[in-house]
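A.B. asks: Given next are the chains, with one letter for each unit.
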Amino acid sequence: MSAPAFLEMSDIRKSFGTIPVLQRVSFSLRKGEVHALMGGNGAGKSTLMKILTGVYTKDSGTIRIDGQPIDLHDTSAAERAGIAMIFQEFSLVPTLTVAQNIWLKREPRLSGTPFINNSEMVRRSRALLEELGVDIDPETPVGSLSVGFMQIVEIAKALSKNARILVMDEPTSSLSEAETEALFDLVAKLKRSGISIVYISHRMAEILTICDRVTVMRDGQTVLTDDCADMTVEQIVEAMLGRGNTASFEWHDRGPRPDAAPILQVRNLRLPTRVNDVTFDIRPGEIVGLAGLMGSGRTEIAETIFGRRAPVSGEVIFAGQPVRGQFDAIDRGIALVPEDRRKMGLVLEHSVKDNVLLPNLARFTRNFLVQDAEALKTVNRTIRDLSIKTDGPDKLARLLSGGNQQKIVIGKWLARDPRLLILDEPTIGVDIGAKSEIVATIRAMADRGMAVLVISSELEELMAISDRILVLHAGRIAQKMNRRDVASEEELHHAIQGHHIQPSRVVHA
Amino acid sequence: MQSKATISSRPASFMPDFQWRNYVVYIFFVAVLGFFAVTIGDKGFLTMMNLFNIARTTAMITVIAVAMTFVISSGELDLSVGSTAALAALTGALVMQAGFAWPIAVVAAIGSGLVVGSLNGFFVTVIGIPSFLVTLGMMQFVRGFDMRVTYTNPVSIADKTFNALFGSGKFFGIPSLLIWSVVIALIGHIVLKYTGFGREILATGGNRQAAEYSGVKTRRVKFMVFLLSGAAAALAGLLYSGMMQTARFNFGEGAELMAIAAVILGGTSLFGGKGTILGTFAGSLLIGTINNGLIIMGLDVSEQMMVAGGIIILAVAFGKKPGA
Amino acid sequence: MQSKATISSRPASFMPDFQWRNYVVYIFFVAVLGFFAVTIGDKGFLTMMNLFNIARTTAMITVIAVAMTFVISSGELDLSVGSTAALAALTGALVMQAGFAWPIAVVAAIGSGLVVGSLNGFFVTVIGIPSFLVTLGMMQFVRGFDMRVTYTNPVSIADKTFNALFGSGKFFGIPSLLIWSVVIALIGHIVLKYTGFGREILATGGNRQAAEYSGVKTRRVKFMVFLLSGAAAALAGLLYSGMMQTARFNFGEGAELMAIAAVILGGTSLFGGKGTILGTFAGSLLIGTINNGLIIMGLDVSEQMMVAGGIIILAVAFGKKPGA
Amino acid sequence: EIAADIQHPLWYTEPSAKTMEIAAMDSIDGVVVSDGQRGEPGFPAADLKLTDEQIEKVRAGKFTVAISMGWLGDDWASQQLIGLKETFEKLGIEVVAETNANWDDAKQIADLETIAVLKPDLLVSIPLNGQTTAQAYKAIEEAGTKVVFIDQAVEGMNPGEDYAAIISSDNLALGMYLADALAESLGGKGDVAAMYFANDFYVTNLRYEGFIARVMAKYPDINVVAAVGHNNPNKGQEVADGVLARYPTLNGMYASWSIPAMGAVTSATVAGRTPDDFKIVNENFDQIVALNMAQDGFIAGISSQRPYDQGVAEATVGALALLGEETPSYVVVPPLKVTRANLPDAYKTIYRIDLPTEMTEALSQ
Ligand SMILES: Nc1ncnc2c1ncn2[C@@H]1O[C@H](COP(=O)(O)OP(=O)(O)OP(=O)(O)O)[C@@H](O)[C@H]1O
Ligand SMILES: Nc1ncnc2c1ncn2[C@@H]1O[C@H](COP(=O)(O)OP(=O)(O)OP(=O)(O)O)[C@@H](O)[C@H]1O
Ligand SMILES: [Mg+2]
Ligand SMILES: [Mg+2]
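Chains as they are written, first to last, in my numbering: chain V, 1 to 509; chain E, 1001 to 1324; chain R, 2001 to 2324; chain C, 3001 to 3365.
It is worth saying that the hints were derived from the structure and are not from the lab.
Every residue, glycine too, gets a C-beta built ideally from N, C-alpha and C.
Among these hints, one or two may not hold up.
Claimed, not checked - In silico DSSO-like pairs for lysine-lysine, Cα to Cα no more than 30 Å straight-line: (1) LYS3119/C to LYS2043/R; (2) LYS3138/C to LYS1160/E; (3) LYS3218/C to LYS2043/R; (4) LYS2043/R to LYS3090/C; (5) LYS1170/E to LYS1160/E; (6) LYS2217/R to LYS105/V; (7) LYS2170/R to LYS3119/C; (8) LYS3235/C to LYS1043/E; (9) LYS2043/R to LYS3235/C.
Said to hold, decoys possible - Part of the chain C face toward chain R, derived, beta carbon under 10 Å: (10) GLY3030; (11) MET3069; (12) LEU3072; (13) GLY3092; (14) VAL3095; (15) ASN3100; (16) ASP3104; (17) LYS3119; (18) GLN3131; (19) THR3132; (20) ALA3136; (21) GLU3141; (22) MET3157.
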């Protein structure tokens, strides 16, 4: 511990109501380091960092920058202190454009006037986005972007602040490899220029590649701070989950699937702009992964199967019948865990219980009345099974930590026992422990005959879950491969980029 | 921690003390009742008759407000309720004048409300026009229609059964208007709180997209809600006409604002997703009680307005923690 | 699949065809103008005087609606504007009657609007009461106050300069009321679109929490917006009184609904986060033009209401893709 | 007698000496009580005449007229419109516009400005307020349109020069008849309340004044114990509820228009009062109060205007003005006191048709 701490947070306490969330947490950050902040869902990582950025006010404890105590009572105080944050739940205004969001409160002015220079703002945004390696029109409203792109806007916004301390709360949760790599390059560049970075992530693989030090939190306390060089993933996971609770997030070969007739047949699907001709099948009990670049149209395919989008041509046949719209799809047992939990997955102002119940109302309704007592059992089981950290089923979804919110979205569909489960970025923000439990649950359900389509930008995840992987490239399924034939993430990565590898292994499904 | 950061970190409509606020309307209702009981209890305020009167005169607003709670919970607004009430009242009265029996008139009246409701629902859910505009236009259109149909003349209702049932009658000593409003409020309460439809309404208003992804047919839900609102407005129209034994084109003017006020006062969020029928009922009674009490106190109209306006604000301010 | 699912895949307030819808109000305005020009152009509709009349009689609504666009964009509502206009008109008239010069009266009148605005702002942002309730209560309170102060009597204004400036005067052949509304709309447009404050309003209404995270002081923004609304209502009050050379307690009754209608018609979302002043201006003119044209057409009152109501709905329906 | 602690309306002024003098008379039949706003004596509407020759001239003129009403929705407005339109039709005058300001001064100004565009030869209109709308009327007059006012004129316009005439009911007399009807039905004694329209409105102000003056001058045993306002006719019942709760032994009520009066009827029914011990009088003779009266309900007396006749008079004065004839500047349509006894005749007088069978049957029961 040679370098002096640039930022010192010591003995930070914070409770919401009577519930303590942070109990004497200490955290330090050196100049120019990348410091990973790890911990299970609900451990208090986001809360700690929101205290640093003035969103929440601590109950007690001190914060020092360069040895000087500092009062970060609101977001502008933090900004003045040179602290910027990429928020997990996105601090973007959906009705404003990308450029307007990035420069909110800091808009460039027409020189000598109080008026905003809109074209300059757009120009600067474009430059920033280019640096991040994406092509987003700065004048599109943020509300119409997919989550991945929103995340990039959020990153661009934080970067544009030229902060001394940059907090990244799961910045890559919706990004795919290419964008993640671009981000890492940027992180390295920032680091070189002396900026200190707090990096929160549940993606184990990336942590050790970029961080200098790691701090692990558990249940509102710091349990470990150490140099990354000395650490292994296993050690971190053990610190996060507690001794003896090691989680395995590894692929099992479930063996060849019984030769059943496909339950889902996608035929020559053509969707506006990105998808040209997509054909594939899924059989009952099979877990199929769909890989592709960001914006390659995976979400659009998922939504088309779910009946929410109309194809330009082609068809989706489920259990022998074409899908006639979303409600037909749901009625017949198709479920979709959407990629944007806040927008599409949850009624944030409703309780955990109401959210879990929503797709299952019909099941618990007798004589027009919802049987709440009976329903509560299911809800409690879901909370237990997915280890959702909540004070109770009546807590508002909004007040849960990011990962726990995601678990509700998955849980509410699992409770319905679907025949085809489509998971679009299912484990965004979910900690490693819960991830492996979720994967285990899904496997168990697949063993009982549920078909699964998984979309993920996290190759590790795709590799861990899928029996079969489809690669979407240039609007077509460029490759179909059996998981057991894919040796490494590297290989898959190449396939996604459009390199046809080892064509001999392509299976005919 | 200062309360400041807590508040400012979430939108104003979703206060954490929402639970507590829900009770404020009841507490305030009791407080207002208590205040009047002490100050003007001896001037007739506390008589059974007067208390019944409060319930009776608020019955129409209550009925409309119950359905309005559904509409607002689903994230929409219905401004056409007042003129729809008049339409239904006129329809019923004209059908009776034409010699039909009152049950037929009632069916026709409710039918007219359903027609307006389904038009609103159509424009909002199928065409996708903001409900504020649709129902504002409808409010004018229907009011114009009401005028046209009757040349602005009142239509009197002679049917004694009808007038007793929907107006000044009593059952077991309880005014029928009170019974109507209690029954409608109860049904509304059960539907909103204990049925799948109620949950779907709240989910639709809370996050329409998420509700859709969960299989809620949000268009159908909204359409139904407008139908219900039309039917409730029509019932209110029948109550107006039963009470006055007459139907007139200008019944229910301003009822939409009164009803919305009752709903919001009761603790329902104007932005949808949260609704409480019992709060609405209390809100409606609170408004009625204030109006009644101030008249008995002998305040003149301008004073009544000032005090009533002030109380509405204070009633809610009261439930807030100081400085929060 | 049907277009049905496509629409519902996005929240109502974030229509991608919003851009197109923004123009609908202009297109429709032109269409309505054209229609009247053809049908009743020879009956005087097209005279300069009549066109000026439309602009003049909508001036108050326009001024109120410009500020209302700010209020609605920030995610709030202000129902107290009508009675505030009357308050300011009375304040100005009484100050002039007391012998002060008109500039002092104007300052006093605007001051009275600012007082109401700051009270609204206080209750909404500091105490945290929904603005619908606060301003509804305020609307009643202020109206009662207006009545009380003047015993409901009108107060006449003798000052010629004042009456010319705020009422029936012309400058370079252009009615002063038209100038007022154009100037206010222009300023509003620039502020909303090209200043940091305007951006902060939109951010606050679009997602209050996100705005706070970005350092926007959303309470201050909302407070300011209510202040502005109070001031604009006061100016509208002065215009009413200048036009009538009199002030009366019942000025501006119903102005709040008219103004909100103009705002929504113009394409601003009732849910906040999106606002267009030019649309509001066009919306206000559209309403005024319809009212004017229908009278010249010789429709009777009930027909006028039906047609005007229908047009409001159709104006927006028109901008929707068929079936979408 | 008027209770000492009574709260008169905000706009109330004490009756003039002349009013009190007339109020003390035994009978006011045939007396024109109200003077014009400028003190001019009233000219009886019945004495207005058009010669055949004049009618021909008007027809030949192909004149146009606009009608600007302050509100619609009661028999007064609709009968008035019928009287106007029928007469204009007979005279070959075309109605080119009709507007309803719905109690909103600003809307009335907008209406008048729009009417101005049409350049009608004649305007018949009831100003909602004599001050606020004055400019708009002046502008129309200056553009060459003849103006006939209903009920009141606006400030700054002079009879004969700027407008032809005001045609009005005798509003003070209306109020006095109400007092008479109430006193008669109560046998000259009892406690009563007055429910007035709270807004400052010229004609209703006068009626309240007439009622009070007559009670003061003539009925020492009628005690007006409370005066309460309503600012919306639909609220009549709510207000009456409050009054009856506070004064449960009240014997009667002056209930302004027919809608609030019917509200009071409901209120009294609910309060368990009967037409034997509670009487209501009002100042609109429309179908609903007439029916209630026929059924021997609470409505014991009505002081009726003659809106149809008033409409005819307005149209007639308008026609004279169009021809450039001299017209009386203040034309008064006398009110009619309606009780159960003269109901059929009164109905025929006002509506020009026989009493509906429904009412005839009710009367005979
Ligand atoms: N405003 C709030 N009110 C009540 N409880 C809250 C609030 N915000 C957070 N919590 C609770 O505090 C705990 C910590 O939440 P936090 O968001 O800091 O977790 P996290 O470590 O970031 O988890 P994740 O990895 O899932 O994002 C959670 O149990 C959460 O439910
Ligand atoms: N370059 C872009 N700029 C703006 N919006 C885009 C862009 N690419 C995609 N979108 C929007 O994002 C939404 C989702 O796109 P798509 O289905 O292609 O996502 P995906 O392949 O699942 O990738 P991801 O969700 O990881 O971004 C679409 O509705 C589209 O409008
Ligand atoms: Mg977090
Ligand atoms: Mg996606």
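A.B. asks: Next step is simple, just say for each hint if it's right about the structure.
C.D. replies: Hints and how they fare:
In summary, the hint linking LYS3119/C to LYS2043/R is supported, as the alpha carbons are separated by about 9 Å, within the 30 Å threshold. Among the hinted pairs, LYS3138/C with LYS1160/E is inconsistent with the structure: their alpha-carbon atoms are about 52 Å apart, more than 30 Å. Between LYS3218/C and LYS2043/R the alpha-carbon distance is near 56 Å, which puts this suggested pair outside the 30 Å criterion. For the hint pairing LYS2043/R with LYS3090/C, the CA-to-CA distance comes to about 24 Å; that is within 30 Å, so the pair holds.
This hinted pair checks out: LYS1170/E and LYS1160/E have alpha carbons roughly 13 Å apart, not beyond 30 Å. Taking the CA atoms of LYS2217/R and LYS105/V, the gap is about 10 Å. The hint holds against a cut of 30 Å. For the hint pairing LYS2170/R with LYS3119/C, the CA-to-CA distance comes to about 22 Å; that is within 30 Å, so the pair holds. With a C-alpha separation of about 21 Å, the suggested pairing of LYS3235/C with LYS1043/E holds against the 30 Å cut-off.
For the hint pairing LYS2043/R with LYS3235/C, the CA-to-CA distance comes to about 41 Å; that exceeds 30 Å, so the pair is violated. With its C-beta approaching chain R no nearer than about 33 Å, GLY3030/C sits outside the 10 Å limit, and its interface hint is violated. With a least beta-carbon distance of about 8 Å to chain R, the hint placing MET3069/C at the interface is held under the 10 Å criterion. Hint status for LEU3072/C relative to chain R: holds, with the closest Cβ pair at about 6 Å, below 10 Å.
At its closest, the beta carbon of GLY3092/C sits 17 Å from a beta carbon of chain R; the interface hint therefore is violated under the 10 Å criterion. Hint status for VAL3095/C relative to chain R: holds, with the closest Cβ pair at about 8 Å, below 10 Å. A cut of 10 Å between beta carbons decides the hint on ASN3100/C: the least distance to chain R is about 4 Å, and the hint holds. Checking ASP3104/C against chain R: minimum C-beta separation of about 6 Å stays under 10 Å; hint holds.
A distance limit of 10 Å between C-beta atoms decides the matter here; for LYS3119/C the minimum to chain R is near 7 Å, and the interface restraint holds. Contact between GLN3131/C and chain R, as hinted, is supported at the beta carbon level, the nearest pair being about 4 Å apart and thus within 10 Å. For THR3132/C, the interface hint holds, the least distance from its beta-carbon to any beta-carbon of chain R being 4 Å, beneath 10 Å. Interface hint at ALA3136/C: satisfied, since its Cβ lies 8 Å from the closest Cβ of chain R, which is below the 10 Å cut-off.
Residue-level restraint check for GLU3141/C is violated (minimum Cβ-Cβ distance to chain R is 15 Å; threshold 10 Å). The beta carbon of MET3157/C comes no nearer than 13 Å to any beta carbon in chain R, farther than 10 Å, and the hint placing it at the interface is violated.
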